[in-house]
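S.K.: Residue numbers (numbering that gives the first Met the number 0), protein chains in the order written: chain S, 0 to 352; chain R, 0 to 352.
The set of hints was computed from the structure by calculation and includes no laboratory data. Since the structure is predicted, the reported quantities are computational estimates derived from the model, not experimental observations. Hints may be right or wrong, so weigh each one.
[As the list claims (entries may be wrong)] Which residues of chain R face chain S? A partial, calculated answer using Cβ under 10 Å:
#: 1; residue: A12
#: 2; residue: V139
#: 3; residue: S169
#: 4; residue: G171
#: 5; residue: G206
We put the CB at the ideal spot given by N, CA and C, even for glycine.
2 protein chains.
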Amino acid sequence: MGSITASYPWTTAPLIAGAPMRLISGPSLAHAISAAGGLGFLAAGTDVSTLAENLAVFKTLLSAGPIPGTPPDVLPIGVGFIVWGADLQIAIKSLSELSEPPAAAWLFAPSSSEQLGEWAKGIRDATRNKTKIWVQVSCVADAIEAFKVCQPEVFVVQGADAGGHGRYASAGLISLLPELIDAVRLYSAEIGGGGVGNASPKFIAAGGIADERGVNAVLALGADGAALGTRFLAAEEAVIMKGYQNAVLKAVDGGVSTTRTDVYDKLRGTTGWPEGYGGRGVINRSYVDSTQGVSFEENVKLYKQAEGAGDKGWEDGNARMTTYAGSGVGLVKRVAKAGDIVKELRGEKKSSS
Amino acid sequence: MGSITASYPWTTAPLIAGAPMRLISGPSLAHAISAAGGLGFLAAGTDVSTLAENLAVFKTLLSAGPIPGTPPDVLPIGVGFIVWGADLQIAIKSLSELSEPPAAAWLFAPSSSEQLGEWAKGIRDATRNKTKIWVQVSCVADAIEAFKVCQPEVFVVQGADAGGHGRYASAGLISLLPELIDAVRLYSAEIGGGGVGNASPKFIAAGGIADERGVNAVLALGADGAALGTRFLAAEEAVIMKGYQNAVLKAVDGGVSTTRTDVYDKLRGTTGWPEGYGGRGVINRSYVDSTQGVSFEENVKLYKQAEGAGDKGWEDGNARMTTYAGSGVGLVKRVAKAGDIVKELRGEKKSSS
């Protein structure tokens, strides 16, 4: 096994991946990240009906802005799926129609390990193994289980500080990453490697990383690269409301100003997550009201009003709109081009924040 | 300002501190850590009545095992105080009676910033500034507040993964440490330094660090050193029941097997903590019962029975006893001499775990 950048030869070490944030990580963001030597992920999320179209847009962007080093048989991009809520057959159809499929598929939150296995096999078969399987896990037990069912090429190791959805019961990367890497390697050695996929997986760390220091820290912990979401909320190419983006820029003291909760899922109707998952976001009125006895009906009504108010729905004092972000949010202080963010994370470009 | 090891000249970089764990970090553990080039802290905790005696024991150990590089005017050791519950006047008396006071005092969990200020001033005056002030914080706001009231020589930055007591609202070190360091430096520059204490404080990271990888990670995040508690629970010199120590060795998947809660405080009667604090420990029957409708009275009764059973109170299946540990507990797999642990953490000695 070589370095992870050898598997994605347009990338530069240390590998920086852009997390597939549902509705936010579109073709432009993914292209900008990959064009800077990172690996951009397109978010399919739970709705794969737009995947084919988004991939077509990406290919147009790629024609206009080719990415040197891209192998002839894949697109220099990944696609992220929220497995419990996405339709595997449509995903397979969208992927199998492509002569060059995405280089990676990032699988998150299956409702069972059987389902994870079906997705990994379905995608590998549909793309003749061109699309590498990335599986996101947030504890050792899930990693071993995922290894058993599909031997992913890459584990995305999600620490408790991650924004958006993740497990409530989780550790920060400082503890989780080394324990998980040791456990997977030990298990792989015990079973003698081999099997359905990759017996020597790589590890990409996610959760709370927001600048070059965070990247260097996860490399010291044993990761092969880093995946970031929150930092890219402040990318020029992100598909994001200005109100949301400004709320991210303003938030400080991320461990205090954010929390993991299911309140926003309930208010938005994005329910159906497997048990034990919540979304980390900036604490605002909707959350505070939910803890202070405001009825759910009233809270939904107020939420829908805020939704109708556009960017004002994130305005100080009465901010109510969902503002998913990780606890690294306090390190995100300015909007920049995604490509510049990638270079700053690698330490090639000085941050102006 | 030089490096932090210059301030504690018997130490070797990177600085490894042994956290002052109440009842557990006694003179032998502190001496062994300092003798290996770290900085051992003696836990005074909330009960300072035994401080003078423990310091006397430490001095006896020091006579038998001198620590080269110790300056003539201090003891090569620190003392930790749980400020809200400790008696400042007794602490001052114990410290001022010493011709060589401890090199550092680690102040944790004041009930107000005024109280923190009184402690810092009281100790500095009693020891003619020989004892440096370390203040433990777990969010940016508390760090700025502490800087205002006493300009500590050292901030102990406690991430959410830390074992034992800490704030519920907190981030992992991966986010917290760089944001907090930036904020303190910016604030110090804004006010032009000067003031009551040290305008260029150092930062020691704590919370979830359990091996050399964790130490290197916090250095990458900007820390000047690392403080560890959980790893030293498995030191030969720790004052700890075998049952507790074995439970630490057995626990895996630290983000899942530990949680932060006030259940054990209630069961043990160690109440009085300022609002917002809980203790992270290994989940066992006492915690599970508290979440599953067992009455407090019944839970206390069962707890006291377990207490009476000695090491069996930590035995699988019916473990009930408090088992404070951080989420790095899964990386702690064997008992070792504290000095060897310090050397392993610095990367000088290969871990046999």
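S.K.: Indicate, hint by hint, whether the structure satisfies it.
M.R.: Status of the hints after comparison with the structure:
1. At about 16 Å, the closest approach between the beta carbon of A12(R) and any beta carbon in chain S exceeds 10 Å, and the interface hint on this residue is violated.
2. The interface hint given for V139(R) holds, since its Cβ lies 4 Å from the closest Cβ of chain S, which is under the 10 Å cut-off.
3. At about 4 Å, the closest approach between the beta carbon of S169(R) and any beta carbon in chain S falls short of 10 Å, and the interface hint on this residue holds.
4. Interface hint at G171(R): satisfied, since its Cβ lies 3 Å from the closest Cβ of chain S, which is below the 10 Å cut-off.
5. At its closest, the beta carbon of G206(R) sits 7 Å from a beta carbon of chain S; the interface hint therefore holds under the 10 Å criterion.
Violated hints amount to a single one, hint 1; each of the other numbered hints is respected by the structure.
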